[in-house]
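Okay, here's what each chain looks like letter by letter:
Number of protein chains: 2
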Amino acid sequence: MTRLTVLFLGDSFVAGVGDPTALGWTGRLLAAAHHPDRDLTGYVLGVRRQTSDDVLARWEREADVRLPGVGTGAVVVSFGVNDAIVEDGRRRVPEERTVENLRTLVNQARARDLAVLVVGPPPVADDDVTARVVALDARLGATAAALDVPYVGTVGALRDDPVWHAEVDAGDGAHPGAAGYERLAALVRPAWDVVVDGLA
Amino acid sequence: MTRLTVLFLGDSFVAGVGDPTALGWTGRLLAAAHHPDRDLTGYVLGVRRQTSDDVLARWEREADVRLPGVGTGAVVVSFGVNDAIVEDGRRRVPEERTVENLRTLVNQARARDLAVLVVGPPPVADDDVTARVVALDARLGATAAALDVPYVGTVGALRDDPVWHAEVDAGDGAHPGAAGYERLAALVRPAWDVVVDGLA
Numbered sequence: 170m171t172r173l174t175v176l177f178l179g180d181s182f183v184a185g186v187g188d189p190t191a192l193g194w195t196g197r198l199l200a201a202a203h204h205p206d207r208d209l210t211g212y213v214l215g216v217r218r219q220t221s222d223d224v225l226a227r228w229e230r231e232a233d234v235r236l237p238g239v240g241t242g243a244v245v246v247s248f249g250v251n252d253a254i255v256e257d258g259r260r261r262v263p264e265e266r267t268v269e270n271l272r273t274l275v276n277q278a279r280a281r282d283l284a285v286l287v288v289g290p291p292p293v294a295d296d297d298v299t300a301r302v303v304a305l306d307a308r309l310g311a312t313a314a315a316l317d318v319p320y321v322g323t324v325g326a327l328r329d330d331p332v333w334h335a336e337v338d339a340g341d342g343a344h345p346g347a348a349g350y351e352r353l354a355a356l357v358r359p360a361w362d363v364v365v366d367g368l369a
Numbered sequence: 170m171t172r173l174t175v176l177f178l179g180d181s182f183v184a185g186v187g188d189p190t191a192l193g194w195t196g197r198l199l200a201a202a203h204h205p206d207r208d209l210t211g212y213v214l215g216v217r218r219q220t221s222d223d224v225l226a227r228w229e230r231e232a233d234v235r236l237p238g239v240g241t242g243a244v245v246v247s248f249g250v251n252d253a254i255v256e257d258g259r260r261r262v263p264e265e266r267t268v269e270n271l272r273t274l275v276n277q278a279r280a281r282d283l284a285v286l287v288v289g290p291p292p293v294a295d296d297d298v299t300a301r302v303v304a305l306d307a308r309l310g311a312t313a314a315a316l317d318v319p320y321v322g323t324v325g326a327l328r329d330d331p332v333w334h335a336e337v338d339a340g341d342g343a344h345p346g347a348a349g350y351e352r353l354a355a356l357v358r359p360a361w362d363v364v365v366d367g368l369a
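Sequence lines, in order, name chains A and B.
FYI, the working numbering numbers position 162 of the first sequence as 331, with every residue one higher than the one before it.
FYI, the working numbering numbers position 102 of the second sequence as 271, with every residue one higher than the one before it.
Calculated from the structure, these hints are not laboratory results.
Hints are all accurate, no fakes.
Simulated restraints on C-beta separations:
id, chain 1, residue 1, chain 2, residue 2, range
1, A, D329, B, R260, 53 to 63 Å
2, B, A311, A, D329, 52 to 62 Å
3, A, G258, B, R260, 54 to 64 Å
4, B, R218, A, D206, 16 to 26 Å
5, A, G325, B, E265, 49 to 59 Å
6, B, A311, A, A280, 43 to 53 Å
7, A, A280, B, D317, 44 to 54 Å
8, A, G342, B, G342, 45 to 55 Å
9, B, A339, A, G258, 54 to 64 Å
10, A, A335, B, P189, 28 to 38 Å
11, A, H204, B, P331, 21 to 31 Å
12, B, D206, A, E269, 36 to 46 Å
Where a beta carbon is used, it is the ideal one built from N, C-alpha and C, also for glycine.
One chain only, chain A, in its complex shape:
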């Protein structure tokens, strides 16, 4: 049986913060991909507050101790909301650098023979942040297309999703609950299925 290893990289949304089921969108995708004839291991490496700079700084080291050296692997990466947040009057990561970070990460993943799936940043309660996320989503999608890697935008679908917003508003203003993460997982699911089938 081929060993399949998937690394989920990113921020608190990747970590599933706020989900009472502890699955987040990543756990839902891993459960959906489970099959007795498939030896799939998923590592969820989202970290709260992390920008694309932060993810880029750590991901290779964390990946290299997890990649078994046999079988096939993939990286599912999602960042951008923290990049788009303004703190002390400054945007944490300028849009251009977020885009450059994605390019770098995709190239580093390819150097390890890893398939790549990019998941765009979701909306939050703060309309100014969400507006910057919308702009960033367009840039990230175009960058992924230029690099020929699949991209799943989420802000477009979730911006008008009452379930997402009700949970975000009832929570901490950024993270949804179980139903919101289920929506996010459903958006990613078709592209995820393609990635997993491609690994087998």
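Fit chain B to the supplied structure of chain A, relying on the hints for placement.
Relative to the frame of chain A, chain B by itself:
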């Protein structure tokens, strides 16, 4: 609301390998601890094939990018099965060194003001390995007691558990399925509840 951060360190059992629900025992504990008035973030940092040597070599770096610098935190650590496996005629990690690694890790965790919970290694299908796990479990339990950290043995209860063994035998000979992980989570739950209550 106090920020609580829990790091789960260890091997494939910590990673939840084989669980079709993708929760493993760690996700079950995190879900059990979820509460709207509790800002709890769990990071599951189990890695397949890793021994206590391997965990010791990486955990501080991975912890330091995840600990937010505010609130309180804990480490839940579980290793030992891979240490007890013989490869090419050699035990991967001698019992004495596994014990020493636990001591070192507990001291490193305390230096970071992290609470510690130690979960003992579970049984596998191979009786020789399980016999070594039983011996190691006794040493780890005594070490934890000497260090005054809580220890939950699992091999004693799971060795005679038909649900655990049925799933391990139906799987890869090491990892259970959902019901087995549920049993493991149930064994850890009382000590886990004490740790979480202590963080709040």
